[in-house]
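Here our numbering = 1-based position in the sequence shown + 144.
It should be emphasised that the hints constitute simulated quantities derived from the structure, not laboratory data.
Every value quoted in this text rests on a predicted model; they were computed, and no experiment measured them.
Hints are not guaranteed to be accurate.
[To be verified] For lysine-lysine, the following DSBU-like pairs were computed, each having C-alpha atoms within a straight-line distance of at most 30 Å:
id: 1; residue 1: K423; residue 2: K155
id: 2; residue 1: K416; residue 2: K451
id: 3; residue 1: K423; residue 2: K373
id: 4; residue 1: K190; residue 2: K155
id: 5; residue 1: K190; residue 2: K175
id: 6; residue 1: K155; residue 2: K451
id: 7; residue 1: K155; residue 2: K416
id: 8; residue 1: K373; residue 2: K331
id: 9; residue 1: K331; residue 2: K366
id: 10; residue 1: K175; residue 2: K366
id: 11; residue 1: K373; residue 2: K416
id: 12; residue 1: K366; residue 2: K155
id: 13; residue 1: K175; residue 2: K331
id: 14; residue 1: K423; residue 2: K451
id: 15; residue 1: K442; residue 2: K190
id: 16; residue 1: K442; residue 2: K423
id: 17; residue 1: K373; residue 2: K190
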Amino acid sequence: MAAVTTPQVLKAQRLVVKIGSALLVGAEGLKTDWLTALALDVVAAKQRGADVVLVSSGSIALGRRVLGLPLGPLPLEQSQAAAAVGQIRLARAYEEILAPHGVTTAQVLVTLEDTDDRRRYLNSRATMETLLSMGVVPIVNENDTVATDEIRFGDNDRLAAQIAVTVGADQLILLSDVDGFYSANPKEDPSAVRFEVVEHITPEIEAMAGDPISGLSKGGMKTKLLAAKTAVAGGCAMAIMEGSVTRPLTALAEGANCTWFLPEGDPQAARKRWIAAMKPRGEVIVDAGAVGALAQGKSLLPAGVTKVTGRFGRGEPVTIAGPDGAALGKGLVRYTAEEARTIAGHRSGEIEALLGYPGRAALVHRDDMVIG
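Can you make the complete structure from the sequences, with help from the hints?
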């Protein structure tokens, strides 16, 4: 049996790093020294050419300290108040540690609704893609100031996994207070064994997950396994490691203890399979010029569209067909059926005049398309 090859963080092309509250906030407040060292890891990754997204807890932990709120569970309104106070401090902290290195940061706040609703999902994805293309490091957190229990992720492990899939990351690193996934809670069972690699998340693996260890963290091994299932299904490898060490990503590259969950294919292939499996809600007929452009891997622009049929909303799947009506593939359309009919055959520069607002240049972006 061939040896399993584990992912190498130094080879990540798009890296999502989740930072837990217990790592970031201590009894004296923000752990500035640790955060400053982490910034060096982020800068090093960017210098290697990797895109980096940070999913950071800590806003409630920071805000409750400022407001003098006690440790332990808080009523929803107090949690939201603490998040509102802490979020601005958290964003400023990241800005201050990365700006001296010439790295621009952006604050991105999301809720579960933003990934469940297709239109919001596409907006979030487009924003993140634009930020990353401009070299920005997005700082992502759940929007605790407005989220209710019904629209919450509830922990940043699963949020990080969803973000990793949304941006097509190839690696997700969960910086935690444990150094990997164990057969049992190592703080309760001295015979617990750490897994180096988990190739498949089986029912037996799921049964080994325990409860949260840290008093500041909401996410235990159960939530980390849920995160892993989301990540690997989206083609993203995921690692759990103990993150309190100085420069944890460097430590990971140098062989620090961790557990890798191996992906099912690569992110783009997983996304293409997802799109290909969707039931189309309409059809877009394109001309011969567009057929040639699509064959070269380009996006579908309105100018190449000759006819639009069906009823569909923005972000829904459509069949893309050639002049003879033969299906070329599928894609997620960026306009409603009515809007698509209005701009069909027109140049992208005419969209604002036709629709009354500056829309996106592509009708179907190449990343949201399966041809062949």
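Hints, verified against the model:
1. Restraint check for K423 and K155: not satisfied, since their Cα atoms lie roughly 36 Å apart, outside the 30 Å limit.
2. At most 30 Å may separate the alpha-carbon atoms for a hinted pair to count; K416 and K451 meet this at roughly 24 Å.
3. Restraint check for K423 and K373: satisfied, since their Cα atoms lie roughly 24 Å apart, inside the 30 Å limit.
4. Distance check on the hinted pair: K190 and K155 sit about 11 Å apart at the alpha-carbon level, within 30 Å; holds.
5. Simply put, K190 and K175 have alpha-carbon atoms about 23 Å apart, close enough for the 30 Å limit, and the pair holds.
6. In summary, the hint linking K155 to K451 is not supported, as the alpha carbons are separated by about 44 Å, beyond the 30 Å threshold.
7. Note on K155 and K416: the hinted pairing holds, with a Cα-Cα distance of about 23 Å set against a maximum of 30 Å.
8. Distance restraint check for K373 and K331: the Cα-Cα separation of roughly 24 Å lies within the 30 Å cut-off, and the hinted pair is therefore satisfied.
9. Of the pairs offered as hints, the one joining K331 and K366 holds, with about 16 Å between alpha carbons and a cut-off of 30 Å not exceeded.
10. With a C-alpha separation of about 27 Å, the suggested pair K175 and K366 falls inside the 30 Å cut-off, and the hint holds.
11. For the given pair, K373 sits about 18 Å from K416 by alpha-carbon distance, which is consistent with the 30 Å threshold.
12. Pair hint K366 plus K155 holds up; C-alpha atoms about 28 Å apart against a cutoff of 30 Å.
13. Simply put, K175 and K331 have alpha-carbon atoms about 24 Å apart, close enough for the 30 Å limit, and the pair holds.
14. About 19 Å separates the Cα atoms of K423 and K451, which keeps this hinted pair within 30 Å; it holds.
15. Straight-line distance between C-alpha atoms of K442 and K190 comes to about 27 Å, which keeps the hinted pair within the 30 Å bound.
16. Between K442 and K423 the CA atoms are separated by roughly 23 Å; this keeps the pair inside 30 Å, and the hint holds.
17. Distance restraint check for K373 and K190: the Cα-Cα separation of roughly 27 Å lies within the 30 Å cut-off, and the hinted pair is therefore satisfied.
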